[in-house]
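Chain by chain, the residues run as shown.
Protein chains: 2
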Amino acid sequence: MSSASLNEIRIVIDAMGGDYAPRNVIHGTLSALRETKNRFHVILVGKEKEIQQELQLVKGQNENLSIVHAEEILDMHDAPTSVLKSKRNSSISVGVVLQKEGKADAFVSAGNTGAVMSAGTLILGRIPGVSRPTIGAFFPTESGVSLLLDAGANVDSRPQHLYEFAIMGSIYANAMFGIQNPKVGLLNVGEEKTKGNEVALETHNLLSHSQLNFIGNVEGRDVLKGTADLVVCDGFVGNIILKFAESVPSFLKSKFKQYAETGTLKKLLIGSLRGTLRKVFKSLDYEEYGGVPLLGVNGVIIIGHGGSSAKAIKNMILKAEETVQKKINERITKAISEMNVETKIVPA
Amino acid sequence: MSSASLNEIRIVIDAMGGDYAPRNVIHGTLSALRETKNRFHVILVGKEKEIQQELQLVKGQNENLSIVHAEEILDMHDAPTSVLKSKRNSSISVGVVLQKEGKADAFVSAGNTGAVMSAGTLILGRIPGVSRPTIGAFFPTESGVSLLLDAGANVDSRPQHLYEFAIMGSIYANAMFGIQNPKVGLLNVGEEKTKGNEVALETHNLLSHSQLNFIGNVEGRDVLKGTADLVVCDGFVGNIILKFAESVPSFLKSKFKQYAETGTLKKLLIGSLRGTLRKVFKSLDYEEYGGVPLLGVNGVIIIGHGGSSAKAIKNMILKAEETVQKKINERITKAISEMNVETKIVPA
Chain A
4 MSSASLNEIR IVIDAMGGDY APRNVIHGTL SALRETKNRF HVILVGKEKE IQQELQLVKG
64 QNENLSIVHA EEILDMHDAP TSVLKSKRNS SISVGVVLQK EGKADAFVSA GNTGAVMSAG
124 TLILGRIPGV SRPTIGAFFP TESGVSLLLD AGANVDSRPQ HLYEFAIMGS IYANAMFGIQ
184 NPKVGLLNVG EEKTKGNEVA LETHNLLSHS QLNFIGNVEG RDVLKGTADL VVCDGFVGNI
244 ILKFAESVPS FLKSKFKQYA ETGTLKKLLI GSLRGTLRKV FKSLDYEEYG GVPLLGVNGV
304 IIIGHGGSSA KAIKNMILKA EETVQKKINE RITKAISEMN VETKIVPA
Chain B
4 MSSASLNEIR IVIDAMGGDY APRNVIHGTL SALRETKNRF HVILVGKEKE IQQELQLVKG
64 QNENLSIVHA EEILDMHDAP TSVLKSKRNS SISVGVVLQK EGKADAFVSA GNTGAVMSAG
124 TLILGRIPGV SRPTIGAFFP TESGVSLLLD AGANVDSRPQ HLYEFAIMGS IYANAMFGIQ
184 NPKVGLLNVG EEKTKGNEVA LETHNLLSHS QLNFIGNVEG RDVLKGTADL VVCDGFVGNI
244 ILKFAESVPS FLKSKFKQYA ETGTLKKLLI GSLRGTLRKV FKSLDYEEYG GVPLLGVNGV
304 IIIGHGGSSA KAIKNMILKA EETVQKKINE RITKAISEMN VETKIVPA
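Keeping their order, the protein sequence lines are chains A and B. Going by the numbering used here, the residue at position 251 of the first sequence is 254; the numbering climbs one at a time, nothing skipped. Going by the numbering used here, the residue at position 274 of the second sequence is 277; the numbering climbs one at a time, nothing skipped.
It is worth saying that the hints were derived from the structure and are not from the lab. Keep in mind that a hint or two might mislead.
[Unchecked claim] Under 7 Å between C-beta atoms, here's a sample of chain A residues computed to sit facing chain B:
1. GLY155
2. GLU222
3. ASN242
[Stated by the list, open to error] 20 Å max Cα-Cα, derived DMTMM-like pairs, lysine to aspartate or glutamate:
4. LYS198/B to ASP159/B
5. LYS198/B to ASP159/A
6. LYS228/A to GLU249/B
7. LYS196/B to ASP159/A
8. LYS246/A to GLU194/B
9. LYS196/B to ASP81/A
10. LYS198/A to ASP81/B
11. LYS258/A to GLU145/B
12. LYS198/A to GLU194/B
These numbers come from a predicted model, not from an experiment. By construction, the Cβ of each residue, glycine as well, lies at the ideal position given by its N, Cα and C atoms.
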């Protein structure tokens with residue numbers, strides 16, 4: 004492993020993560036370095052021989068690129084906890100350990116999401132005061148993009164957890180989207196504060212008494228409308244709504260196809276519109292936003308889809324650099340420690 | 004109130020329910036009667052004078068149509084429980100009482116959903132053995148339509164409630180969609196039976212030991228794919244996913260509009276495709292399916308959107324007739340009584 008120069012950001016990427024690894028990972032890494040004129044250092048973790056072969060194919064040797072060998076591959080069938088057990092020599096475990104040891108600043112993977120979350124939480128540990136790390140998801144909105152927390156890291160979240168998600172998400176949206184005072188909405192079944200399940204009722208109370216820009220409950224219809232910059236919910240509903248949203252493009256494509264089959268003119272028109280449709284569908288594809296953050300761990304972890312393209316990998320690396328630069332974790336640490344003081348004066 | 008002939012199905016409709024009442028209600032009612040050649044009897048409940056005026060305008064007098072006066076209107080701002088309190092003379096309360104007294108077989112309303120659910124539950128009572136009535140929602144799928152229970156009547160449902168929703172929904176899907184052995188999916192964050200929150204884990208166990216055609220967990224992406232004929236979930240997530248789905252058309256319209264503005268050719272093409280787009284969007288509009296059922300109450304209740312068109316009202320009335328004819332409630336009563344025997348042998 005060649006050393007990065009002083010002050011240079013070092014990003015570890017899981018070379019074996021994703022359906023098209025290591026090819027897409029390597030191609031994405033090289034374009035990230037090319038586009039930024041080698042602004043940072045990238046460490047590819049995985050089977051060294053396979054990585055070298057792929058690099059030779061594309062003549063991708065670069066002094067800002069180093070390789071750390073990891074013997075094992077953790078795939079979609081492995082249990083998340085195997086990062087600390089049977090697969091501790093996997094690219095995910097070895098990659099996260101590099102960050103733990105201070106040899107890197109961020110870890111990026113398109114591999115097994117559960118395993119990356121486990122590695123992040125178990126190896127890096129949590130930011131002091133954070134009860135549970137949370138994974139974000141980006142939703143396109145009529146006017147931009149919004150962040151949803153939690154997108155599936157936590158089911159059965161308690162109000163305190165949702166409150167922490169709101170704090171972490173507000174900091175993220177402020178730093179990464181440049182929104183001065185991000186609007187926080189609590190995902191619920193009605194706008195009135197008396198609506199919802201027990202967890203929602205209590206969370207509404209906590210958020211109402213916080214320093215956050217809490218705009219109250221938002222409903223399912225508000226997510227794409229962009230009513231809030233940050234939508235807070237339990238990971239059970241967050242994950243279901245995210246996967247539902249991701250399925251909309253293929254549903255629409257199948258419906259458009261059915262209509263196209265009803266006439267040649269329509270077929271022609273739909274054919275000509277294909278580019279536009281693709282763009283609209285793309286705005287529903289969260290991969291475009293460059294991976295999602297795992298917030299609340301003692302480090303920077305960016306997680307991507309298994310089907311990540313080289314472009315998605317590139318975007319994830321750029322997002323990782325930005326997350327390190329903007330000192331998201333330092334800000335979360337500060338805010339969470341202040342929250343603990345605040346919380347004490349909140350009525351139960 | 005003129006009497007209906009023997010064996011004729013009698014459907015009460017809330018003439019004051021919905022944003023365009025009584026006009027849309029009366030127009031929808033008249034087309035339902037016209038289309039079916041007066042196959043059933045309709046009782047319009049509401050302010051008699053307003054109803055008469057509207058009927059005169061369209062020369063809608065019909066011997067299969069009668070009016071029952073209700074002095075009050077319960078609107079969207081009234082609390083659901085007001086059906087038994089301050090608004091017991093509302094069209095919703097009076098209409099449901101007609102069914103309770105055996106003077107009608109079904110009640111249809113596009114009014115305040117919460118109030119209609121309350122009236123159904125509190126006035127008609129529950130089918131013996133049903134813990135909580137449930138409201139359904141229809142989702143278009145790539146190949147047809149699926150039913151989701153619960154769409155918002157119950158938050159904080161327990162496993163036993165979800166199990167009952169699965170039984171009621173299976174009977175409904177069998178009778179109304181003509182599916183022999185409806186596939187039941189439990190909405191969850193992963194396919195494996197070890198996934199999900201506590202309620203989902205226990206419900207999976209209950210459904211696995213039932214006589215239902217339980218296909219296991221389904222994810223958010225499976226709803227529009229049509230993996231299951233019946234999707235079972237708590238009303239909190241059901242309501243959020245329903246409202247999210249309903250917002251997709253307006254999100255897409257705004258995106259298409261943005262792209263149309265980028266060039267005249269695209270604008271022309273999109274203009275020509277408007278009809279197709281409208282059809283695709285319509286398949287996302289659950290109102291087209293003729294209102295949703297409130298299952299588990301001792302009677303037939305069909306609930307529609309506040310913005311119901313005359314066509315939606317007509318479809319709701321036809322759906323009410325079909326629900327009565329197919330003896331859904333008798334079948335639910337039988338199945339629920341058998342369930343109670345079954346449940347005892349299910350491990351906890």
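- [ ] Could you tell me which of the numbered hints above are not met by this structure, giving the numbers in increasing order?
- [x] Number 12 - this is the single hint that the structure violates.
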